[in-house]
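Participant: Counted the way our numbering counts, the sequence shown spans residues 7 to 483.
Among the hints, a few may not be true.
Stated by the list, open to error - Derived EDC-like pairs: lysine to aspartate or glutamate, alpha-carbon spacing no greater than 20 Å straight-line:
1) Lys-96 with Glu-466
2) Lys-482 with Glu-448
3) Lys-193 with Glu-119
4) Lys-193 with Asp-219
5) Lys-74 with Asp-100
6) Lys-279 with Glu-253
7) Lys-418 with Asp-431
8) Lys-53 with Asp-80
9) Lys-380 with Asp-196
10) Lys-22 with Glu-12
11) Lys-21 with Glu-119
12) Lys-19 with Asp-171
13) Lys-193 with Asp-249
14) Lys-19 with Asp-168
15) Lys-380 with Asp-341
16) Lys-53 with Asp-83
17) Lys-96 with Glu-72
18) Lys-22 with Asp-55
19) Lys-193 with Glu-263
20) Lys-96 with Glu-119
21) Lys-74 with Asp-20
22) Lys-279 with Glu-263
FYI, nobody ran anything at the bench for these hints, they're computed from the structure.
Computed from a predicted structure; not experimentally measured.
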Amino acid sequence: MLNRLEQFRTFLKDKKIAVLGVGISNRPLIRYINGLGATVTAFDQLKSDDPVLSQTRRSFAEEGIEIKWVTGPDYLDHLHGFDLIFRTPKMRHDLPQLRAERERGAIITSEMEVFMELCPARLFGVTGSDGKTTTTTLIARMLEQAGYTVHLGGNIGTPLLDRIDTIQPDDMVVLELSSFQLMSMRKSPDVALVTNITPNHLDVHRDYQEYIDAKRNIALYQPFDGRLILNAGNYGSRMLGSDARGEVTYFSRTRQELSDGFLLEDDQLVYRKGGVSHPFLNASDILLPGRHNLENYLAAAAVVWPYVRPEHIRAVARAFGGVAHRLELIRVLDDVRWYNSSIDTSPTRTKAALQAMADRREQVVLITGGADKKSDYTGLGESIVEVSRTIIFCGANADLIEQKIRYEAAFKGVRVDELTMIHCDSYEEAVEAARQHARPGEVVVLSPAGTSFDRFRHFEERGNLFRDLVMALPEKE
């Protein structure tokens, strides 16, 4: 494996390399391959005078990194004559400009694909429509609790290729993998988890089948001694069992008929083998709220079971308070709790967040709205009115959400005229409206049910703004 890394370094020397998209994952990539002697050209659709891109260029210059730049809306029209092309994760691999370069002889790849080819350590990969980041983090925490050196990265926001020199064969690497990263992947992790599959990202994928096929790649290319962990309670995940090349393990929060797997029995998480259940975690020990997090713990436990002991899982459950932007409690002000769940980029995620509030019998002032992904909003209106009588809209899909509320409120026995629905043009207005309407003992939850791309570069920027605005609110006199 070390020879493979040396071969890669040798291959890069004096090669003409294009990096498409200078976002979070590709900036460390540029630094790494530039240091290996490659001639790098960075392509980005932002204009050269864009403040974010300008800052990135200044940072590279200050570090002594000399690269060429091609920017602006027509940037891909200048993609000619490269030996190796790294695409950004969300870029389709079958764009005409990429096909033309591939036919000319260029290698089209991504930071993640190269990393997985070169990584000397055991790879754990997590994909799914919901729950990826929390479950990925849980897996890493459990392995760390057991004493392993763990490298956490991928779609969770940390590129790892530039750290490949420091990863040892006995380490553990845990990766969150999106459908965009998996679309052209021809190598799968040693241990792969599919949390669930529901319609998502249909604003990028041609249709739902293409989205499913991208997820399927995590199973198709596993080694023969690999392990595939699937959600027996979700059809999209469960059906991938026929693609497995190695061992398949199932988990489920709802299906009790499984003779083998990781299941919820009453208030205990158990490992069942041959029909005999072995409890390993009390549900009450889990600090994270919501039924969906019981499922996340079942999935994570199924992944790490051969490598950790039950006490390691319990230690994480009792200490782990969650990942930023995922029902993150950011402030208690005048007896009102404010939660940031900016990661809720789809209706299904918002429904899960609201279910967590319903389980705790919370009364919610909801801030919602974002960019639509051609998602299915069925049931969202019911979920909202179950916990909320005040809904504040701020986002491009606000009308779609309001339409579902008006249509589905009656299913819960709620009259529309009993609801307060407010449309705001900015997050400043939305936070102020929530402040005015939230009463002591209630909670304010930001759960957009859409992506951030109508106003922000990513969901973290959206959540950070919300957090800053909430933290700046003065106490009432």
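Participant: State for each hint whether it applies.
Facilitator: Hints and how they fare:
{"no.": "1", "hint": "Lys-96 with Glu-466", "verdict": "holds (17 Å)"}
{"no.": "2", "hint": "Lys-482 with Glu-448", "verdict": "holds (16 Å)"}
{"no.": "3", "hint": "Lys-193 with Glu-119", "verdict": "holds (8 Å)"}
{"no.": "4", "hint": "Lys-193 with Asp-219", "verdict": "holds (14 Å)"}
{"no.": "5", "hint": "Lys-74 with Asp-100", "verdict": "violated (24 Å)"}
{"no.": "6", "hint": "Lys-279 with Glu-253", "verdict": "holds (14 Å)"}
{"no.": "7", "hint": "Lys-418 with Asp-431", "verdict": "violated (29 Å)"}
{"no.": "8", "hint": "Lys-53 with Asp-80", "verdict": "holds (10 Å)"}
{"no.": "9", "hint": "Lys-380 with Asp-196", "verdict": "violated (33 Å)"}
{"no.": "10", "hint": "Lys-22 with Glu-12", "verdict": "holds (18 Å)"}
{"no.": "11", "hint": "Lys-21 with Glu-119", "verdict": "holds (18 Å)"}
{"no.": "12", "hint": "Lys-19 with Asp-171", "verdict": "holds (17 Å)"}
{"no.": "13", "hint": "Lys-193 with Asp-249", "verdict": "holds (14 Å)"}
{"no.": "14", "hint": "Lys-19 with Asp-168", "verdict": "holds (16 Å)"}
{"no.": "15", "hint": "Lys-380 with Asp-341", "verdict": "violated (37 Å)"}
{"no.": "16", "hint": "Lys-53 with Asp-83", "verdict": "holds (14 Å)"}
{"no.": "17", "hint": "Lys-96 with Glu-72", "verdict": "violated (26 Å)"}
{"no.": "18", "hint": "Lys-22 with Asp-55", "verdict": "violated (25 Å)"}
{"no.": "19", "hint": "Lys-193 with Glu-263", "verdict": "violated (33 Å)"}
{"no.": "20", "hint": "Lys-96 with Glu-119", "verdict": "holds (14 Å)"}
{"no.": "21", "hint": "Lys-74 with Asp-20", "verdict": "holds (14 Å)"}
{"no.": "22", "hint": "Lys-279 with Glu-263", "verdict": "holds (12 Å)"}
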